[in-house]
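Chains as they are written, first to last, in this note's numbering: chain A, 1 to 714; chain B, 715 to 1428.
Careful, some of the hints might be misleading.
Said to hold, decoys possible - A few chain A positions that, by computed beta-carbon distances, are all more than 10 Å from chain B:
hint : residue
1    : T169
2    : A245
3    : Y579
4    : K649
Unchecked claim - Some chain B residues well away from chain A (every beta-carbon gap over 10 Å; in silico):
hint : residue
5    : D779
6    : G801
7    : D1019
8    : G1020
9    : H1023
10   : G1096
11   : E1160
12   : E1300
13   : K1319
14   : K1363
To be verified - In silico lysine-lysine, DSS-like type, Cα no more than 27 Å apart, as pairs:
hint : chain 1 : residue 1 : chain 2 : residue 2
15   : A       : K666      : A       : K642
16   : A       : K396      : B       : K735
17   : B       : K1341     : A       : K661
18   : A       : K138      : A       : K207
19   : B       : K1288     : A       : K174
In short, the hints are calculated from the structure, not lab data.
Because the structure is a prediction, the values reported are computed rather than measured.
For glycine and all other residues, C-beta sits at the position ideal for the given N, C-alpha and C.
There are 2 protein chains.
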Amino acid sequence: MSLHRVLNAQSVAVIGASKNKTKRGYQAIVTLHEENYEGKIFPVNPKEKSILGLKCYAKVTDIEDEVDLALITTPAETIPNILRDCGKKGVAGAVIIAGGFREAGEKGKRLEREVVEVAKECGVRLIGPNTSGMMNLKIGLNLVGIKNAPKGDIALVTQSGNMALELITEASIKSRKGFSYYVGVGNEADIKFHEYLNFFKNDPDTKAILMYVEGLSEGRKFLQEAYNATLVKPVVLLKSGRTSAGKKSAGSHTGSLAGMSEVALTAFKRAGITVIEDSDKLFPVAETLSSLPTIKNNKVAILADGGGHATIAADLLTEAGIEIPELHSKTQEKLRALLPWNASVKNPVDVAGGTDSNPKLFADCVREILRDHNIGGLLLVGLFGGYGIRFAEELKFQEEDAAHQMGKYVVKYRKPIVVHSLYNFLKPHSHELLRYYNIPVYDSLEVACKCIESLCRYGEYLTTYHREVSFVINYRKKAHNEAEKIIANALASGRSVLLEHEAKKILKIHNVPLLEEEVCKTPEDAVNFFKKIGKPVAMKIVSKDILHKSDAGGVKLNIDSEEKVREAFDEIIKNAKNYKPDAEIEGILVTPMADEGLEIIVGTKIDEQFGPIILYGIGGILVEVIKDVAFRVLPLSRGCAKRMIDEIKSSKILNGFRGFKPFDKKALIRLLLAVSDIVESYPEIKEMDLNPVLLYEESKGLTVVDARIILKSK
Amino acid sequence: MSLHRVLNAQSVAVIGASKNKTKRGYQAIVTLHEENYEGKIFPVNPKEKSILGLKCYAKVTDIEDEVDLALITTPAETIPNILRDCGKKGVAGAVIIAGGFREAGEKGKRLEREVVEVAKECGVRLIGPNTSGMMNLKIGLNLVGIKNAPKGDIALVTQSGNMALELITEASIKSRKGFSYYVGVGNEADIKFHEYLNFFKNDPDTKAILMYVEGLSEGRKFLQEAYNATLVKPVVLLKSGRTSAGKKSAGSHTGSLAGMSEVALTAFKRAGITVIEDSDKLFPVAETLSSLPTIKNNKVAILADGGGHATIAADLLTEAGIEIPELHSKTQEKLRALLPWNASVKNPVDVAGGTDSNPKLFADCVREILRDHNIGGLLLVGLFGGYGIRFAEELKFQEEDAAHQMGKYVVKYRKPIVVHSLYNFLKPHSHELLRYYNIPVYDSLEVACKCIESLCRYGEYLTTYHREVSFVINYRKKAHNEAEKIIANALASGRSVLLEHEAKKILKIHNVPLLEEEVCKTPEDAVNFFKKIGKPVAMKIVSKDILHKSDAGGVKLNIDSEEKVREAFDEIIKNAKNYKPDAEIEGILVTPMADEGLEIIVGTKIDEQFGPIILYGIGGILVEVIKDVAFRVLPLSRGCAKRMIDEIKSSKILNGFRGFKPFDKKALIRLLLAVSDIVESYPEIKEMDLNPVLLYEESKGLTVVDARIILKSK
């Protein structure tokens, strides 16, 4: 059901309305009045006739008019019955303020399940419980009690009322921007993050979506909705609950799931989300992204009136991977003509005192820099706005003139400007003007740099990245009959681990390169296979009852004569029987020894929040000690597989190292895509582990030496 | 010469004094008047009789009184002659404002050299050139022109006038702290960073030293002075010019040296410096460290009135390596008695609405938490100070009461409190009170967390780290005669690369484990040596004319019979003569093949800023691809060598890995210390390269397989 009627409610029943000024049920009505709510308000309280001049109803079903939304301020245990009434009345949604649900132990969990069931039966959608409330600022529907929140075009969705209060306070004090909606998701019991995302994506009054997230209950749907949303408008997200201490805190606070998994960061970025790790930068980045054109070419100019700020900014932007290219020689000439002899005009541009008595010059410099075809955006750092304060009052008019011009240049050249000024504290009028033209001003250099960075990253995403990504899994679409049979057969016989040759068979069906192999029932079979191959072989026990083959003495390597094959066969069988006398032995798997190559590890598992994910790394110490691995949410695209390979720290090994020739990256990409296909095809698969894979030099492919597939137990 | 007379000047000559209001030579005198400078002011300008009511002198030598300091506001080219006058007059120091020196090309560099020479001859110490000036706020000696800078106990030393302006503005708007001195070091042509450090270490009115550094000209002296200073008071430093873009910017700005080298960060930390990478946190950290007791046990409690802030803070502190331990059960009981049923009392503590109508409770919670023996300090996050603003005005008196109590608890329990409050913007009186008690308040959670972190790090440093560190090199102290001869001999014969067996001989003299080896002149010698050893050998050409032995076919490995030794000898000689017919061949170095072990790399070089440094890593891909290496400025202490080994990402390999037993860390520590001794003993050494070193399992030691020593060319 669409959330439109809930979030744009034209009438609100306040259940638990009160005459007691300290109660939420009183304050809520006062706030709706103060904020000039456009809709109707119906207090509900069986003990009162009227509250604050409004007729008071005993039950929500007594209300004559239609009711879109109920604000429920009563305690947890009253909620189920109230929801039943709401259902009868045809109320579209309810905001449940009370805590005492999932975050408060077993009893609370049961109550929350009941509440969700009742709501589903009655067709009432729930915001919360354990929420600070929601606001639709366009119509004055303020069910939170934060007063004077600035109206604007940013939708705010948080899992913490305090964070909402902080962001709203910050917006009202430090910017000209504001909010279209606020939703506190609370325990996310019914309406989930991704549903709000979908709603705000389609809301014409919302230009950016700002989220504070401690944990997601439906990670994959969130990614898909975020992916759709970020094609239309920026989504900025603070990822909290990253550490075990953070997770514990989040758990006791919203009862949210396991915080953020290791795959979250790349998944969010692939979905085009602007991820912030630092609450100082959350609102500024949303402000910037909702106001300015993005930077398409990752190239930024810095304009400064002092060396220190230019140096710090150059460091920060470079560390963020942004280029600060030398300006075009013509741009340099023009700047040279504007500025004193000792100015730096390459980039960073340092005016070297040129603006001291003439701050209007800033606008001229900005014009020349933005006209440079190679420059995608501009960061102005230093004292702008303070010349009229520090030097001579008249200069402030020049600064205001410059602000007007800069504002117009942003529109004319379709390139953003972000300003750092240490006079921001003192709120000079020129800063107000810059903000009027959507040019944000910050007193923190780090914040200003992060904003520029976010313009680069989002610009890059929109121009390149998104085309190839999908978070939708088409189960069975690429499935093969024969593989399905192997899986069904294993499950039917009560096994959740496929035998090695079964796992390899499935890989083979999906065109993964493997060595020829045979399950041999007798020593003679093994010898014949050995003769056919004409190379040393490896021999491994095949038994559903022996999963740790080496421990059972069930593996022999490098066997290079007929006689030794025979001996090994007997010994393996003997060892296996000693290890587990009643083991059902299917035979012995014989494969040629693989040629030496680079050890690769590929694995998949089911992530709690995001579902199937894949892991890739170069085997040995790089994976085991350095943890140098890349994760992705499945399915993979070709580009994504490529980026995964290039992303690990040791990726350059693939380009050839210590005399090796470059390795066959194309084969590796094909392997990752095949694994993605396999996991997508057979939803029964819980884990895959290809370890080792041996990768050979360019055009020589690879071989999967060992493979394990674990199925979901029924 | 001591800087005391310079920085506490009782009389100032303003050279370039002017009646023109736009000139620095006018403004400087006005500022000194406005700031009630306690000393005498002497304007100097041959064209004027008096300026601003003061008698004006044609030359500094005309002044009747003693002159401690000259502020020189005239252009670059006038400086040498003015300095000569200052010398004649016995002026102790000069502040040179003008730019146009090292930062401005070759001509400027020559002028700077001249200025420094003249100053040295005349006995005048220089601040600058290219500086914004200096201030001694205690006596009103303000030679900068930043007005109303708050007085206090922080000494500020920067390489950027804008950064000074920013920090001073921040202090005056956001804190109750201020500055004892400010020095803009400018081009650091004469007085260097480390001399200021030394002066401020000894200044009784300075409690903390705050520095913005883009590059150091005398890195090692800086480390030594910082090491001495941080034992007495905190030194907080923003390291700028970290990236190539940052370095370029710094270069064009102050003409400073190559920014910061890779070893800078660990070196600064070893010297006890609190290094900040983010200008937002620079002043707050200095404020905190100069105000509060440090945290000795790395254990912090978080007290919050909302889950979001608690979660973010828990994440940030955990990511910074700080423990957030569960509170003692008795503390939990006491908190439980104070707070509502649904409060979290473990840590983070969440008051869960308990303070909504009773913010005085914060002080009670703080008391119980600080009394917990396991807790070293407290971070209070959320709304404190805003209860009187948001809920009911009366609550502000409760908050003020709580602030008074918290202030006293800091003193009583000798543990710090840092406060985050989103109402900081609105400057409630309770925050002013907290600051009066030296409890800092920040609106940024990140800043507050960084401050707590800095209290932990500095506390840890003071209790453990510093005892074993020295940055002083005692050249030759541990030198051996025989090794000195090898080096002298090489240099005398015009060689700057020692032959392998010479390098190894020096290692052997310093008790580094090596395989037995012999330079054999004939095949018979080689055969005899082979027989004596009774193991396969490696044979390598010894010639000062053949440094790339493998390229010359001069290396044979794994030779395991007398006949093959003979053959190899002849072949190596033949190859060498083919490679370089006129090569002078000393013989062939024969060594037993080393047993397999873990490949280690140890190297030393001379760093531009810090002098001799050492590098350590585990050989192969870990060093070459992952760059997993640790650097230290030499000399090493035992503890420092140990930390170096533990610091690399792959350090756990040494504890045993993939079936290996733990490796012999003690032998590795001995090796690093021996290398440190060698570099310290022989200042002629420019670079050492021990690659590979083979490390064996515990108590089995190591072997240096190949060694290279390069000498400084004369």
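Results for each hint:
1. T169: violated (6 Å)
2. A245: Violated: least Cβ distance 4 Å, not greater than 10 Å.
3. Y579: With a cut-off of 10 Å, A/Y579 remains clear of chain B, as the shortest Cβ separation is near 21 Å.
4. K649: A/K649 not clear of chain B: closest Cβ-Cβ about 5 Å, inside 10 Å.
5. D779: holds (33 Å)
6. G801: The assertion about B/G801 holds, with a minimum of 28 Å to chain A.
7. D1019: violated (7 Å)
8. G1020: violated (3 Å)
9. H1023: Since the minimum Cβ distance to chain A is about 5 Å, B/H1023 lies within 10 Å and the statement is violated.
10. G1096: violated (6 Å)
11. E1160: Violated, since 5 Å does not exceed 10 Å.
12. E1300: holds (30 Å)
13. K1319: holds (23 Å)
14. K1363: Its Cβ does come within 10 Å of chain A, the nearest being 5 Å, so this is violated.
15. A/K666 to A/K642: holds (9 Å)
16. A/K396 to B/K735: holds (19 Å)
17. B/K1341 to A/K661: Holds. B/K1341 to A/K661 sits at ~21 Å (cutoff 27 Å).
18. A/K138 to A/K207: holds (14 Å)
19. B/K1288 to A/K174: The given pair, whose Cα atoms are some 80 Å apart, is violated under the 27 Å limit.
Violated hints, listed in ascending order, are 1, 2, 4, 7, 8, 9, 10, 11, 14, 19; each of the other numbered hints is respected by the structure.
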